[in-house]
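Build the complex: two chains, separate frames, hints provided.
Letter by letter, the chains look like this.
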Amino acid sequence: MNAILTMIAQRLALGLLTLFVVSLIIFFSVSLMPGDYAEAILGQAALPDTVKAFREQLGLDQPAYVRYFQWLGGVLTGDLGTSFSSERAVTELIGARFGNTMFLAAYAAVIAMPLALVLGVLAALYRNSFYDRTVNVVTLTTISSPEFFLAYVLIMFLSVGLWNGSEMIMGGLFPPIANVSNDVGFWERVYRTTLPAITMTLVIVAHMMRMTRASVIDLLASPYIEMANLKGLSKSRIVFKHALPNALAPIINVIAVNMAYLIVGVVLIEVVFVYPGLGGLLVDSVSKRDMPVVQGSCLVFAAVYIMLNLTADVLSIVSNPRLLHPR
Amino acid sequence: MSTKNNSREKGELVLRMRGLRMEGQADGEWHEIVKGIDLDLHRGEVVGLIGESGAGKSTIGLASMGFARPGCKITAGSIEFDGTDLMQQSEDYKRNLRGGRISYVAQSAAASFNPAHKLIDQFGEAAVQHGVLTKSEADRDAKDLYRRLELPNPDTIGYRYPHQVSGGQLQRAMVAMAMACKPDLIIFDEPTTALDVTTQIEVLAAVKDIVTTFNTAAIYITHDLAVVAQVADKIMVLRHGNMIELGETRSMIAKPKEDYTRELLAVRTYKKEEFAEANDDVPILKVSNITASYGKGVNVLDNVSMEIHRGHTVAVVGESGSGKSTLARVITGLLPPSQGSIEFEGEILPPALKSRNKDQLRRLQMIYQMPDTALNPRQRVRDVIGRPLSFYLGMQGQEKENRIRELLTLIELDPDHFIDRFPGELSGGQKQRICIARALAAEPELIICDEVTSALDQLVAEEILKLLQRLQNELHVSYMFITHDIATVKAISDEMVVMLQGEIVEQGEKDVVLTPPQHEYTELLLSSVPEMDPDWLDDLLAKRAAGEVVSTIASKPNA
Chain A
1 MNAILTMIAQ RLALGLLTLF VVSLIIFFSV SLMPGDYAEA ILGQAALPDT
51 VKAFREQLGL DQPAYVRYFQ WLGGVLTGDL GTSFSSERAV TELIGARFGN
101 TMFLAAYAAV IAMPLALVLG VLAALYRNSF YDRTVNVVTL TTISSPEFFL
151 AYVLIMFLSV GLWNGSEMIM GGLFPPIANV SNDVGFWERV YRTTLPAITM
201 TLVIVAHMMR MTRASVIDLL ASPYIEMANL KGLSKSRIVF KHALPNALAP
251 IINVIAVNMA YLIVGVVLIE VVFVYPGLGG LLVDSVSKRD MPVVQGSCLV
301 FAAVYIMLNL TADVLSIVSN PRLLHPR
Chain B
1 MSTKNNSREK GELVLRMRGL RMEGQADGEW HEIVKGIDLD LHRGEVVGLI
51 GESGAGKSTI GLASMGFARP GCKITAGSIE FDGTDLMQQS EDYKRNLRGG
101 RISYVAQSAA ASFNPAHKLI DQFGEAAVQH GVLTKSEADR DAKDLYRRLE
151 LPNPDTIGYR YPHQVSGGQL QRAMVAMAMA CKPDLIIFDE PTTALDVTTQ
201 IEVLAAVKDI VTTFNTAAIY ITHDLAVVAQ VADKIMVLRH GNMIELGETR
251 SMIAKPKEDY TRELLAVRTY KKEEFAEAND DVPILKVSNI TASYGKGVNV
301 LDNVSMEIHR GHTVAVVGES GSGKSTLARV ITGLLPPSQG SIEFEGEILP
351 PALKSRNKDQ LRRLQMIYQM PDTALNPRQR VRDVIGRPLS FYLGMQGQEK
401 ENRIRELLTL IELDPDHFID RFPGELSGGQ KQRICIARAL AAEPELIICD
451 EVTSALDQLV AEEILKLLQR LQNELHVSYM FITHDIATVK AISDEMVVML
501 QGEIVEQGEK DVVLTPPQHE YTELLLSSVP EMDPDWLDDL LAKRAAGEVV
551 STIASKPNA
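Protein chains in written order, with this note's numbering: chain A, 1 to 327; chain B, 1 to 559.
Errors might be hidden in some of the hints.
Stated by the list, open to error - Here are the computed lysine to any residue pairs in the SDA-like style, where the Cα-Cα straight-line distance is at most 20 angstroms:
id	chain 1	residue 1	chain 2	residue 2
1	B	118	A	240
2	A	235	B	92
3	A	235	B	68
Claimed, not checked - A short, non-exhaustive set of chain A residues, derived as facing chain B with CB atoms under 7 angstroms:
id	residue
4	223
5	224
6	230
7	232
8	233
9	246
10	321
No wet-lab data here; the hints were simulated from the structure. These numbers were taken from a predicted model, which means no experiment stands behind them. Beta carbons are placed, not taken as given, at the ideal position from N, Cα and C, and that holds for glycine.
Pulled out of the complex, with its shape left as it was, chain B reads as follows (with noise of 0.2 angstroms):
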C-alpha cells in the first residue's frame, strides 16, 4: 500500500472547515442552506452527518472537495485540507484533489458508474488521469480490492459493465473505485440507503474494513442513525443548515444533548396499540394459489397465497426482487396470473383489470412509494380527489366540495389552505397525505400500500403510519403493507408474509413471526436492521464469522 499514508500519524487534522455557508437556488432565488458550519477531521477519523432532507448533509460533504453542485455555492468560511484552503485555490488544485486525495462514494452506485464503461476503468481513471498509477497497477490494485471486500470473481467481475452487476456489489465496488488512489478523506454520501438490509451489511463491513485499514478519514452522510452508529466516531447532527449537536458517537446515543437528536432517536419506537382481533367471517382478500410471470420468463410468483381479514393489517416484507410489487399487480389485476384465484370478501375476482366492474375497482385502492410522480403535477388538490368521488359515487357540485373538505380534515390538511395547491406546492410528506385521501376518496375496503413510507424522512414517515393507523381504527379499512423495511413492519402489522424470490417462506401473527424459531430466511432479515448500539455491526459479524447465526440464503437455482 502507498508509504505516503502509513508514514503519517493518526490523529493528524486533514479537514479543518470554519464558518462555512452556502446558497442554494429555487425559483430564481438565493437561499441559504448551509447556515455556519464547523467542522474538524483527524486522519483515521469518521464523522458521521446525519439529518432528514434539506439538512444540507450532502452539501456540506460535497464543500469539503471544495465542490458545490450547480445552482449551489459556497457563499463563506474556509475548507482546509492538509492545510490549504480550497476556497483560495484554484480549479485546477482542487481538481487535481478530487478523486486523488479526496474521494466519493455516491448514494447510487447504478446511477454514478457510467453505463458505457467497464468497472475497472473506471476504477483505474481517476488514478491514472492523476498521474498516481499506470492502468496495469491500477487494475491489479482493483483486484486486490475487489477480493478485499469479498466480491465474488475478483479477478474478473472488474470487466464486467455496471449493468452485469448487483446494487450490492455495484455499492461495493464504487467503494473500491474511491480507495483507488488511497486518499486521506472519503465522504460517503448515504452509501447503502437504496439497498436492501441484507446487502447493507456487507457494504457498512466494506466502508468500515476500508477505513480502519488505510487509517482514512471519512465523512458518512445518512439519515440512519442506527447506521451511522456502526461507523462513526463522532456524529453531527443537521438541520435546516444548522449544526444541532456534535458529539462522540457512544455518548450522543446513550445521553442525546438536544431534543431534536432524541426525536431522531425515538422514531424507531412507534408501535401499534392493539392487536386487531382476527374475525370469523369471510377475509377480505383471500389469495389462492397464485403463480404470475412477466412474458414467458421465469415465474416471478410461485404458489402464492394469503389472506387479509377486515380491519387487519398485513405486511409482506423481502428484498427487492422478491415479488412483494408483482403480488400487488396481481392483486390490482395490472397483471392477470398464470395460475390461481383472487377473492374479495368471498367473490372470486376477473383477474384483468378490464373486466372488473367498477365496484370491484373502487373497494381495492392504492398508496404509492413515491407521492411525487403519483400525482398529476397539473391536478389542484380539489381534482386530485375530487376525482375518484365522481367516478366512482357520482358526486357533484357542493356534495362532492363538502366531501373533499371532509377527507381533507381527516388526513389532517387544513382544507381553506390546501383545497387549491397544486402537487408542486406541497412537501413531500403532504402529497403522501393526499394520495391517502385520494384512496379513501373511493371508500375502499381495502388498500395497499406499496412501500408508502420509504421515500419520507424517518419523522414524516412515522407521521404518516400514526395518521394510516388511526384511520384503521376509524374506518375499519384493512392495509396490505408492503415495506422492506422491518421497523415499519413492527411498527404497524397485524400479521406478516416474508417472501423469498417469488415464494412466502413464512406468515402468520407479526409476534409469532417475529419471535424465533424462524424460516432462516426471515432470521437473516430480521438480524441484518442495524440497531441503535454502535457494537452491533461488529457483534454481529463476529456471530456471522463464527457460524452462530445465519449469514447466507442458498438462492434458487433459477433466479
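Here chain A stands alone, though its shape is the one from the complex (with noise of 0.2 angstroms):
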C-alpha cells in the first residue's frame, strides 16, 4: 500500500511540474497571438498615445517575463487576474462557467460510461454477430459525424418535430437551447441539458464501446476464462467475475481520455445549445484578446486534463492485484 501512495504522491509531483510548463507555454503562446487588446478595444482609428497610455494602464509595456512571473504568483495564489473587457475576477467569470461544463460533462458521462461498457461487454460475447456488426456500425456513424451535425438532427427530431405536409410530428421533447442560471434547479437543470448530452454520448461511446470489446475479447482467450468455463460458472459471472476486472486497465484509459473530451472539447455543442460553458467564454475571449481569461481557462483546462490522467494512472494501478497486493 506504501508502494501506491509513493506512486501517487510521485505522479502528483510530475503532474505539478506538467502544469508549470503548460502555464509557460500557454502564457507565452498567447502573448504570440497577432494584436492585442488595446489595439483591438480602441480600433483602427485609435492614436498611439490612447495605445500607449491605455496599454500602460494594463500593464502590457512590461516585458513578457516580468508579465508571466507577476501572473504566476497570481497563480500560486488563487488569483488569475482581473478580466481586460469586464474588469471582473477571472476566476470568478470561469468559476461559474466551470460548474457548468462539469455539470454537463458528468451527466453525459453518466449516461455514457454504463452504456459503452454494457455494449461493449454485450459485442464481445456476441462477437461477430448480427448485434454486434449493427452496434458497430451505428457508434463508427456517430462518432464519424460532425458532433454539430448529430447536435441539429437531435434537436430537429427531438425537440422541433417535422413538418409531415399538414402538421409538425414528433419533436417537443427536449428544449433546444439549453439556457441555464443559477436559479434554475436542479431537475430543471437536467432536462434542459438533456440534448447536449446525449449528443455529447454519441460522440464517445463508440471509442470506448470498442475499447470494452477489444479488451474483453482478449480476455475471453485467456486460459483462466476457458477454466472458469470449465468451472461450469454461468456466462455473466464470468464475465463479470472473471473478465472485466482484469479488462479494466485499458478501458479506464480510454474512459479518462473521453472524460477530457467531455470537458474540454465541446466547444462547438456549447455554442450549437447556447449553452454557457466554459469552451464557448475561451472562444469569445481569444476573439476579444482578453489574454487574462484565455490564460486562466487553459490553464484550468490543462489541471482537469492533467487530474484525469492521473486519477487514471491510479486507478488501473490499483486495478492490477500484482501492484495492489505484491509478493
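Laid out in C-alpha cells, this is it:
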C-alpha cells in the first residue's frame, strides 16, 4: 500500500511539473497571438498615444517575462487576474462557467460510461453476430459525424419536430436551447441539458465501447476464462467476475481520455445549444484578445486533463492485483 | 468426505466414449483432428493419454467434459458420463457437471488462476455456484486439502493471490481446486510440463495421493511417457487424432506393440558418441568471478566462473531462477556484470554489447527457446539467413544466395523448397533449424543454446540434438547448452555446470558430475528425473521419507 502512496505522490509531483511547463506554453503562445487587447478595443483609428496610455494602464508595456512571473505569482495565490473586457476577477468568470461545464460533462458521462460498457461487453460476447455488427456500425456512424450535425439532427427530431405536410410530428420532448442560470433547479437543469448530453454521448460512446469490446475479447481467450468455463460457471459470472476486473486497466484509460474531451472539447456543442460553458467563454475571450481569461481557461483545462490522466493511472494500478498486493 | 463417492464401488464405469470424432478450424477450413476414439474409464482408474503436439490429447480430454474449445467441434460419437450421453444434453446440463462432477487441471496454473482473485475464493467458487457447499464449508475443505497436499501454511496460503505463491505450489493449489466438489472424474492436462523436475515430483505425488484416496477416475494427459508411467493404470498412445495403442502401463512399457510407441520409449536413449578431447590451448570462453544483478536488487549471479573449450559442449543446468539464462545474458553483453570478466580466446570482451566490435559479436551467436518468437514472421527464410551473411561477412548477390543454399543443405532442409517460405509455413522443428542456420551463418566459434529443445516434441527435439552434434563434429563449434532437462544433458554434453540460486554448486566432466558422490543439489536434481519405471515414484518417495536420499535443499536466506 505504501508503494502505491509513493507512486501517487510521484505522479502528483510530475503533474505539477507538467502544469508549470503548460503555464509557460500558455502564457507565451498567448503573447504570440497577433494584435493585442488595446488595439482591439480602441480600433484602428486610435492615436498611438492613446493606445500607449491604455497599454500602460493594463500593464502591457512591461516585458513578457515580468508579466509572466506576476501572473504565475497570482496563480499560486489563487488569483488569475482581472478580465480586460469586463473588469471582473477571472476566477469569478471562470468559476460559474466551469461549474456548468462540469455539470454537463458529468451528465454525459453518467449516460455514456455504463452504456459503453454494457454495449461493449455484449458485443464481445456475441461477436460477429448481427447485434455486434449493428452496434459497431451505429457507433462508428455517430463518431464519424460532425458533432454540430448530430446536435442539429437531435434538435430536429426531439425538439422542433418534422413537418409531414399538414402538421408537426415528433419533437417537443426537450428544449432546443440549454439556457441555464443559477436560479434553475437541479432537475430542470437536467431536463434542459439533455440534448447536449445525448450529443456528447453519441460522440464518445463508440471509442469506449470498442475498447471494452477489444479488451474483453482478448481476455475471453485467456486460460483462466477457459478454466472458469470448465468450472461450469454461468456466462454472466464469467464476464463480470472473471473477465471485466482484468479488463479494467485499458478501459479506464480510454474513459479518462473521453472524460477529458467532455470537459475541454465541446465548444461546438456549447455554441449549438447556447450553453454557458467554459469552452464558449474561451472562444469569446480569444476573439476579444482578453488575455487573462484565455490564460486562466487554458490553465483550468490543462489541470483537468492532467488530473484525469493521473486518476486513470492510479485506478489502473489499483485494479492490478500484482501491484496492489505485492509478494 | 462426501458419502456420494464412498458408496460407489471401485470399478464402476464412469466414462464411456465411442467413436468420438472432432474437427478443428484452421485457415477457414475444418479438418478432422480426432478420428474415432473409444475410451472406457472406471472409478479409481487413471488412463494416460500420450502423444506429440497435434495428437489430439487435450481435445479428447476436454471432450470428456462435453466441451470443445472455440474453433473445435464434436462431429460424431457418444460421450457417456455416468450412463448419460453428454452429446444429447443441453448446455446447462453439461455446465452443471463441469466443476461439479468432472473437473479439470490445466497445464499452466499460473495462467489458469484468475490473477484478480484469491486462491481460496477460486477454490470454492464452483462448489458454491453449483450449490454443493457453502462458502465456509468450502474454505474449510480448502484448508484440509492444502494441508493434505503439503502446501506451506495451509491455513493462510489460500488468502494469497496467484502471483504471490510459487509455480509448484500454484499447481498443487489447482489440483486441490479440482477436488473441491469431490468429482467423479478429473482431467489432468499436462499438469507438470511447465514445472522444474524437483517441483514435478511434488505435483505427481499430490495427483497420485488424491486419486487413490478419493477413488477418483482420471485422465492424465502428457507427452512424457516416464511421467505417465508413474500415475496411470493404462496408457493410450495417440498420433494425429488416431489411437495407436492402448494397454496396461506395465506391459506397454515392457513390451510396446507398435513402432511409434517404441520410438517414444526410445527417445531418451540418444547419447553423444565420443568424448571430445580437451586440448590444452586457450579456452574459447573464460568467465571469471562474474557477479550480476538486475537493478539494485539481490545478486542473480554470484561469483560465477567457468570455461568452454573449442569443440566442446558445456551444459548449464538448474531450476528456473537459478541464473542460467542470466549467465547467457552476461556473456552476450545484454547484461553487463557488476564484477568479473569475460575472455574470448584469451582476449577480454567489453562487458556491454554496445562496446563490442562486429567481429566479437560474430563469433558468439545464440539460439533461443521459442523458435516461433525468435523469427520475424514477415521475413522469408532467405532474409532470415541472409541478414547475418551481409551484416557480418559483407556477402551480396549470388555469393550470398549460394551460401544460404549451402546452409539450408547443412541443416537438412531442401533449399528449393524452403528458401522462399515464411516462418508461418514451417513446423516447430523446421523453425528451430532455421534459427540454427541463422546462427551458423555468422560462422561463430561459440553458440549459446538457451533451452533450444524444450518447446519441441520429444522426437523432434531428438532430431535437433543430433543435428547440433553433427554440426559440431563437422565445424568444431562450441556449445553452451542451457537446459533444465537432464536427459538432454546426458545426450549431448561433454562437461556440465550445475547452478543453484545464482551460484555454481558443481562443475566438471559430465561423467564425473553424474557419478556419486555429488553435491546434494545435483543428487536431488538427478534423482528427480522420472524414469521409465512405474515404481520409480513410489520408491523414491519412500526413500525420501526414510531419509535415505536428499529430499530438499536449504535455500539461501536472501533468495
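Hint check:
| no. | hint | result |
| --- | --- | --- |
| 1 | B/118 x A/240 | 16 angstroms, holds |
| 2 | A/235 x B/92 | 11 angstroms, holds |
| 3 | A/235 x B/68 | 16 angstroms, holds |
| 4 | 223 | 4 angstroms, holds |
| 5 | 224 | 4 angstroms, holds |
| 6 | 230 | 4 angstroms, holds |
| 7 | 232 | 4 angstroms, holds |
| 8 | 233 | 6 angstroms, holds |
| 9 | 246 | 5 angstroms, holds |
| 10 | 321 | 5 angstroms, holds |
Comparing the model with each earlier hint shows no violations; every hint is respected.
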